[in-house]
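Enquirer: Which chain is which? The protein sequence lines are A and B, in order. Start counting the first sequence at 1; every next residue gets the next number (the numbering used here). Start counting the second sequence at 1; every next residue gets the next number (the numbering used here).
Wrong hints could be hidden among the right ones.
[Unchecked claim] Listed next, with one range per pair, are the computed distances between beta-carbon atoms:
| hint | chain 1 | residue 1 | chain 2 | residue 2 | range |
| --- | --- | --- | --- | --- | --- |
| 1 | A | ARG371 | B | ALA33 | 26 to 36 Å |
| 2 | B | ARG356 | A | ALA481 | 33 to 43 Å |
| 3 | A | SER455 | B | ALA40 | 33 to 43 Å |
[What the hints assert, rightly or not] Interface residues of chain B toward chain A, partial, derived using beta-carbon atoms under 7 Å:
| hint | residue |
| --- | --- |
| 4 | ALA71 |
| 5 | LEU142 |
| 6 | LEU175 |
| 7 | ALA179 |
| 8 | LEU182 |
[What the hints assert, rightly or not] A few chain B positions that, by computed beta-carbon distances, are all more than 10 Å from chain A:
| hint | residue |
| --- | --- |
| 9 | TRP49 |
| 10 | PRO207 |
| 11 | ARG357 |
| 12 | ASP447 |
In short, the hints are calculated from the structure, not lab data. Keep in mind it's a predicted model, so treat the numbers as computed, not measured. Ideal placement from N, C-alpha and C gives every residue a C-beta, glycine not left out.
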Amino acid sequence: MSHADLPALLPLLLVAALPVLALLLSAFLRSTSALAALALVGLAASSGSLLIAHRYAPRAVSRLLLIDGFSLYALALLFSGAFLVALLARDYLLSPGKGQRGDRFYVLLLFAVAGMALTVASNHLLAFFLGLETLTVSLYGLLGFTLERRAALEAGLKYLVLGAVASAFLLFGIALLYARGGTLELTGMRAALCSLPAAPGGAAGLDPVTLLGLALVLVGFGFKLAAVPFHMWSPDVYQGAPAPATALLSSGSKAAVLLALLRFVSVSGMGTCGAVLLLLAVLSALTMTIGNLLALGEQSLRRMLAYSSVAQMGYLLLGLVAWGAGGAAAVGFYLASYLASVIAAFGVLAVLSPGRHEMDGLAELRGLGYRRPLLAGLLALALLSLTGIPLTSGFFAKLYLFRAGLEARLGWLVVLAVVNSAASAYYYLRAAAVLWGRPPAGAPLFPAASGAASSTALSLLGAAVLGLGLWPGPLFALVQAVFGP
Amino acid sequence: MLTLLLLVPVVGGCLAWLAACRSGQAARGVALAASLLALALSLALWSRWPAIGQPSLTAPLLEQQRPWIPALGISYHLLLDGLSLLLLNTTALLAVVAVLAAWREVSERPGAFFFLLLLLESSIFGVFLAVDLVLFYLFFELMLVPTFFLIRFWGYAGRAAAALKFFLYTFAGGLLMLASILGLHLARQGTGPGPASFDLAALAGTPLPPELGFLLMLGFFLGLAVKLPAVPLHGWLPDADTRAPLAATILAVAMLETGAYGLLRFAIPLYPEASAMLAPAAMALGVAGILYGGLLAFSQPNLRRVVAYGSIGHTGFVLLGIYAGTELALLGALVAMVAHMLTAGGLFFLAETVRRRCGTMELAELGGLWGPAPGLGGFTLFFGLALMGLPGLATFVGEILVLLGAFSVDPLLGGLAAAGSIVSVIYALRLVQAMVLGPDRRGGRIDDLGRVEAGLLGLLALGLLALGLHPGPVFQAARAPLAVVEQSLRASAGSGGGPQSDLHLPSHPELTGFPAHGPGRLPGGGTEKDMDMEGAAGPGFPLRAARGGSP
Numbered sequence: 001m002s003h004a005d006l007p008a009l010l011p012l013l014l015v016a017a018l019p020v021l022a023l024l025l026s027a028f029l030r031s032t033s034a035l036a037a038l039a040l041v042g043l044a045a046s047s048g049s050l051l052i053a054h055r056y057a058p059r060a061v062s063r064l065l066l067i068d069g070f071s072l073y074a075l076a077l078l079f080s081g082a083f084l085v086a087l088l089a090r091d092y093l094l095s096p097g098k099g100q101r102g103d104r105f106y107v108l109l110l111f112a113v114a115g116m117a118l119t120v121a122s123n124h125l126l127a128f129f130l131g132l133e134t135l136t137v138s139l140y141g142l143l144g145f146t147l148e149r150r151a152a153l154e155a156g157l158k159y160l161v162l163g164a165v166a167s168a169f170l171l172f173g174i175a176l177l178y179a180r181g182g183t184l185e186l187t188g189m190r191a192a193l194c195s196l197p198a199a200p201g202g203a204a205g206l207d208p209v210t211l212l213g214l215a216l217v218l219v220g221f222g223f224k225l226a227a228v229p230f231h232m233w234s235p236d237v238y239q240g241a242p243a244p245a246t247a248l249l250s251s252g253s254k255a256a257v258l259l260a261l262l263r264f265v266s267v268s269g270m271g272t273c274g275a276v277l278l279l280l281a282v283l284s285a286l287t288m289t290i291g292n293l294l295a296l297g298e299q300s301l302r303r304m305l306a307y308s309s310v311a312q313m314g315y316l317l318l319g320l321v322a323w324g325a326g327g328a329a330a331v332g333f334y335l336a337s338y339l340a341s342v343i344a345a346f347g348v349l350a351v352l353s354p355g356r357h358e359m360d361g362l363a364e365l366r367g368l369g370y371r372r373p374l375l376a377g378l379l380a381l382a383l384l385s386l387t388g389i390p391l392t393s394g395f396f397a398k399l400y401l402f403r404a405g406l407e408a409r410l411g412w413l414v415v416l417a418v419v420n421s422a423a424s425a426y427y428y429l430r431a432a433a434v435l436w437g438r439p440p441a442g443a444p445l446f447p448a449a450s451g452a453a454s455s456t457a458l459s460l461l462g463a464a465v466l467g468l469g470l471w472p473g474p475l476f477a478l479v480q481a482v483f484g485p
Numbered sequence: 001m002l003t004l005l006l007l008v009p010v011v012g013g014c015l016a017w018l019a020a021c022r023s024g025q026a027a028r029g030v031a032l033a034a035s036l037l038a039l040a041l042s043l044a045l046w047s048r049w050p051a052i053g054q055p056s057l058t059a060p061l062l063e064q065q066r067p068w069i070p071a072l073g074i075s076y077h078l079l080l081d082g083l084s085l086l087l088l089n090t091t092a093l094l095a096v097v098a099v100l101a102a103w104r105e106v107s108e109r110p111g112a113f114f115f116l117l118l119l120l121e122s123s124i125f126g127v128f129l130a131v132d133l134v135l136f137y138l139f140f141e142l143m144l145v146p147t148f149f150l151i152r153f154w155g156y157a158g159r160a161a162a163a164l165k166f167f168l169y170t171f172a173g174g175l176l177m178l179a180s181i182l183g184l185h186l187a188r189q190g191t192g193p194g195p196a197s198f199d200l201a202a203l204a205g206t207p208l209p210p211e212l213g214f215l216l217m218l219g220f221f222l223g224l225a226v227k228l229p230a231v232p233l234h235g236w237l238p239d240a241d242t243r244a245p246l247a248a249t250i251l252a253v254a255m256l257e258t259g260a261y262g263l264l265r266f267a268i269p270l271y272p273e274a275s276a277m278l279a280p281a282a283m284a285l286g287v288a289g290i291l292y293g294g295l296l297a298f299s300q301p302n303l304r305r306v307v308a309y310g311s312i313g314h315t316g317f318v319l320l321g322i323y324a325g326t327e328l329a330l331l332g333a334l335v336a337m338v339a340h341m342l343t344a345g346g347l348f349f350l351a352e353t354v355r356r357r358c359g360t361m362e363l364a365e366l367g368g369l370w371g372p373a374p375g376l377g378g379f380t381l382f383f384g385l386a387l388m389g390l391p392g393l394a395t396f397v398g399e400i401l402v403l404l405g406a407f408s409v410d411p412l413l414g415g416l417a418a419a420g421s422i423v424s425v426i427y428a429l430r431l432v433q434a435m436v437l438g439p440d441r442r443g444g445r446i447d448d449l450g451r452v453e454a455g456l457l458g459l460l461a462l463g464l465l466a467l468g469l470h471p472g473p474v475f476q477a478a479r480a481p482l483a484v485v486e487q488s489l490r491a492s493a494g495s496g497g498g499p500q501s502d503l504h505l506p507s508h509p510e511l512t513g514f515p516a517h518g519p520g521r522l523p524g525g526g527t528e529k530d531m532d533m534e535g536a537a538g539p540g541f542p543l544r545a546a547r548g549g550s551p
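Given these sequences and hints, build the entire structure.
Expert: In structure tokens form, the structure reads like this:
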């Protein structure tokens with residue numbers, strides 16, 4: 001490691017220093033707003049430092065990290081997502097009824113961001129695992145943050161148990177790969193594993209132990225992404241956890257894991273192995289279909305969004321299977337659109353849940369369109385974007401994704417995704433329509449106004465969803481430059 | 001200019017929404033002004049026409065192209081020609097009718113209602129203008145959103161289910177079309193270098209392996225046939241048409257025609273061979289639609305349901321005409337489209353006036369309207385006659401031309417379709433009988449049509465009459481675009497997968513393209529030129545065309 005590595009590493013250094021600074025600050029000044037200010041300024045500075053790092057990219061920093069266009073784009077996505085979540089969380093935490101522990105929320109949030117950053121910038125399974133664990137451990141705290149609510153506690157605990165199981169699978173898989181190939185570096189992995197004498201019957205020159213290792217690693221990824229059949233934890237956690245934490249879980253955490261998987265598939269050369277691609281394709285088909293089916297009957301908005309996010313991961317996995325034919329760029333664009341939509345949806349829920357009660361059921365949201373038309377409009381916009389309706393970012397995301405799938409000759413999977421998108425319109429639109437339904441008598445009143453921070457965040461998100469729907473050209477050019485066409 | 005036309009309704013809609021904060025009446029006024037302005041603009045586009053009656057017009061009237069998403073090769077490409085102009089005009093007229101129908105019908109949240117209605121108008125305009133496939137698809141899907149919310153929030157009992165049903169049917173069809181657009185785009189990319197493009201002109205003539213071509217065409221066809229709707233895919237229409245607010249239904253009639261327009265503009269020229277292979281099946285579906293729609297329309301107890309099922313019959317004629325593919329049949333299909341828009345628009349408007357006056361649309365509870373309200377009765381009679389295709393009205397021209405074309409291609413299907421038009425006589429007469437004649441089962445007096453209502457219905461009726469008596473200009477306007485369709489179908493049907501049409505437009509379009517006419521087809525020894533001019537000028541055109549086709 002030389003001194004020239006430092007500027008390339010600057011974003012990671014900054015984001016790693018942030019939680020430490022936050023810890024120190026909260027030792028002296030236990031104020032939510034001070035910590036929020038630190039988090040916002042720090043995240044903005046980290047985003048800015050991406051421009052500096054960009055000049056030194058691509059650069060492998062030691063054997064653990066690789067700073068290239070891919071990781072810089074991933075970091076930009078994650079930092080902006082975390083920035084918006086931090087903005088939304090400020091008003092949420094300062095509202096009465098949330099306890100006086102907002103400072104800790106920000107410390108955990110910053111730790112989670114550091115973990116995500118390490119995850120997506122890693123070029124080494126060890127660094128990747130370290131990042132992922134940092135992220136997961138912070139999420140345990142964030143999900144169970146409102147301790148007074150049993151549901152939140154349950155959510156944190158469930159995620160803890162299942163997350164630990166997933167980590168064990170992942171670690172065992174990594175160990176198997178290491179045992180066979182003797183390297184943990186992604187770039188050399190394919191060569192190391194394929195130089196082994198192929199066992200008879202092993203697919204594409206990979207012996208059964210390697211395949212088992214790969215399968216276990218995929219199981220670990222599947223748990224974190226809530227891909228079917230590892231999705232069981234998802235609805236309960238989404239329902240119980242405080243809204244900003246859920247926003248982070250479903251946006252940043254999933255995006256980081258998915259991007260790491262994308263890098264694993266593309267850089268390690270595993271994506272040229274037919275068995276891995278087939279496994280991913282089956283996972284994608286199952287995830288989108290079952291996720292959508294489960295969402296159809298859901299009466300709770302949060303559980304519905306949980307299943308919807310499962311289905312969205314299914315679409316994204318389709319892009320992953322097609323990574324060689326433009327799927328990587330499609331995933332890059334889709335993630336940007338998905339992040340904006342999903343943070344907007346949970347952001348609205350966070351604004352609506354200032355007291356001890358977390359807004360959840362669809363029936364509770366009836367009539368929101370009359371009391372808070374802008375909030376209802378934004379929530380409807382986010383739902384339409386997740387459906388993939390024109391003039392929202394989701395439309396172009398799906399368009400690009402399907403194009404990549406067809407280019408990779410995955411016609412059957414694309415047709416399945418098309419059928420699924422059509423079916424998903426049922427629950428998204430039903431939820432959007434409820435917002436302007438007649439409120440039942442004696443319904444809980446919605447908060448009359450939202451704070452400046454969350455209003456800013458929500459308007460930024462709305463602008464992103466609409467802007468990417470009307471003028472997606474620059475982002476398309478960017479992802480094509482980063483991921484290759 | 002074209003962008004302006006797209007923007008006027010939607011900006012007007014936003015203004016109406018803002019005006020609604022002041023008063024509902026202001027919103028109505030703004031919406032009416034916007035729809036009138038759009039109508040005026042769309043009529044002003046005729047000024048681009050060199051001279052009505054000049055036959056050799058092949059260039060587009062107006063074209064606008066800008067790069068939109070260069071990274072994917074998507075451009076903002078609008079094109080206006082005779083075909084789209086006609087449909088634009090009719091849509092703009094229907095929008096005015098819809099705004100006026102909503103005047104009293106919608107009392108709740110008028111601002112949002114008019115915004116959605118005008119947004120729908122804008123997106124229909126967009127569908128008729130776009131020639132970039134992604135842009136077309138974008139507008140095509142965009143139509144669904146306002147329609148969904150219009151049905152969902154302002155509809156009648158059972159609206160939630162109807163709105164979702166409508167959305168799911170058409171959204172699923174649309175997504176299949178999207179997959180097929182992408183497939184075609186990639187196939188084009190695979191054939192050789194060249195910039196990525198979704199443009200109609202660039203994608204037409206892509207050589208496709210037959211199986212892939214058929215699959216892609218099927219995706220396109222399904223997407224458009226759901227919208228049309230062709231018979232096995234029509235499940236959403238009766239529900240949507242009877243639960244929606246009447247004003248939305250009126251504009252939704254124009255939305256149905258976007259399906260037929262998509263077939264003419266995109267599906268057939270893009271996949272000529274596969275379309276020719278599908279043609280017999282599609283024609284059979286059209287005939288099935290005519291018979292099935294007619295029979296069901298006959299047994300409906302409710303005014304709106306009669307018109308809704310009648311719509312299925314009419315779009316059956318359109319489908320039959322499009323896939324019969326002779327020039328006469330295509331012209332007939334176009335006239336049938338316009339006629340259906342005017343007739344159904346008028347009948348739904350009448351339904352709204354009747355609903356407001358009598359509080360019901362059940363045929364069993366109506367009757368004897370002629371006595372207390374002669375104007376209402378008269379217009380009901382007129383539109384009822386138009387529904388069954390009385391000679392002299394546009395419906396007749398459309399149906400007779402489609403039948404002639406279909407006969408020359410497949411006599412059996414032509415015969416069945418002719419039988420189907422008898423069914424339409426039966427249900428139309430039953431409608432008129434139940435509403436206008438007979439004893440007044442309701443009792444009490446009702447007001448006759450107001451001046452605005454009568455004027456509006458008169459305008460629609462005038463359109464039907466003009467098109468029925470003097471369809472020449474329409475033929476002139478639409479000949480060049482339709483010739484492309486005809487050539488695509490004929491070239492590939494004739495030579496069994498031979499050379500493809502490359503959107504070559506004949507420099508001198510003639511009335512000679514249909515197989516029924518042999519070389520010595522012109523009666524009376526007139527020159528082709530003479531015949532063109534005559535066709536443009538004389539009301540006898542359809543009859544003479546009939547003579548031409550009969551020997």
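Enquirer: Evaluate each hint against the coordinates.
Expert: Do the hints match the structure? See the list:
no.: 1; hint: A/ARG371 / B/ALA33: 26 to 36 Å; verdict: 31 Å, holds
no.: 2; hint: B/ARG356 / A/ALA481: 33 to 43 Å; verdict: 60 Å, violated
no.: 3; hint: A/SER455 / B/ALA40: 33 to 43 Å; verdict: 41 Å, holds
no.: 4; hint: ALA71; verdict: 4 Å, holds
no.: 5; hint: LEU142; verdict: 5 Å, holds
no.: 6; hint: LEU175; verdict: 4 Å, holds
no.: 7; hint: ALA179; verdict: 5 Å, holds
no.: 8; hint: LEU182; verdict: 5 Å, holds
no.: 9; hint: TRP49; verdict: 31 Å, holds
no.: 10; hint: PRO207; verdict: 18 Å, holds
no.: 11; hint: ARG357; verdict: 28 Å, holds
no.: 12; hint: ASP447; verdict: 32 Å, holds
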